[in-house]
Amino acid sequence: MPSRNAVPTDTRRAERASIDGRVRFREAGQNPFDAELFDLSSTGFRMFTFSRQTVGKRIWVSLPGLEPREAVVRRAAGDNYGCEFVEPLHPSVASHLQTKLGR
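Under full-length UniProt numbering, read the sequence shown as residues 1 to 103, first letter to last.
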């Protein structure tokens, strides 16, 4: 039985799924960049791109079949970035994209 004082190791608010997708994203007023998505949930995604991003930067990502969605870069590790949607995807939309782009 876990201790009452145990800290959860995964504090995500939505279930993420491993995916394999290519998207384009851009910063306000800038040209778009290519990125590869590795996981996606209704609240965010993880992407790989050679375009250097900084934590806290707002970007707009174009997911298949959707208008560009605003997100904020929350984590950076090399060329991998964890991003959070400003307005989460509806769970059914996230599920559809996870199935469509799933590994």
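Don't read these hints as lab results, they were simulated from the structure. Check the hints yourself; a few may be wrong.
Stated by the list, open to error - For each label pair, taking beta carbons as the anchor points, the in silico distance ranges come out as:
#: 1; residue 1: N31; residue 2: S95; range: 26 to 36 angstroms
#: 2; residue 1: R52; residue 2: P91; range: 18 to 28 angstroms
#: 3; residue 1: V72; residue 2: F50; range: 16 to 26 angstroms
#: 4; residue 1: T99; residue 2: G29; range: 29 to 39 angstroms
#: 5; residue 1: R74; residue 2: R24; range: 14 to 24 angstroms
Fair warning: this is a prediction, and the values are worked out from it, not measured in the lab. Cβ atoms here follow ideal geometry from the backbone N, Cα and C, with glycine treated the same way.
Now for the hints, and whether the structure bears them out:
1. Taking the beta carbon of each, N31 and S95 are about 31 angstroms apart, inside 26 to 36 angstroms as hinted.
2. Our hint of 18 to 28 angstroms for R52 and P91 is violated, since their Cβ atoms are close to 32 angstroms apart.
3. One distance hint, 16 to 26 angstroms for the beta-carbon pair V72 and F50, holds here, with the actual separation near 20 angstroms.
4. Taking 29 to 39 angstroms as the suggested C-beta distance range, the pair T99 and G29 conforms, at roughly 34 angstroms.
5. In this structure, R74 and R24 meet the distance hint of 14 to 24 angstroms, their C-beta atoms being roughly 20 angstroms apart.
The structure does not agree with numbered hint 2 stated previously, though it agrees with all others.
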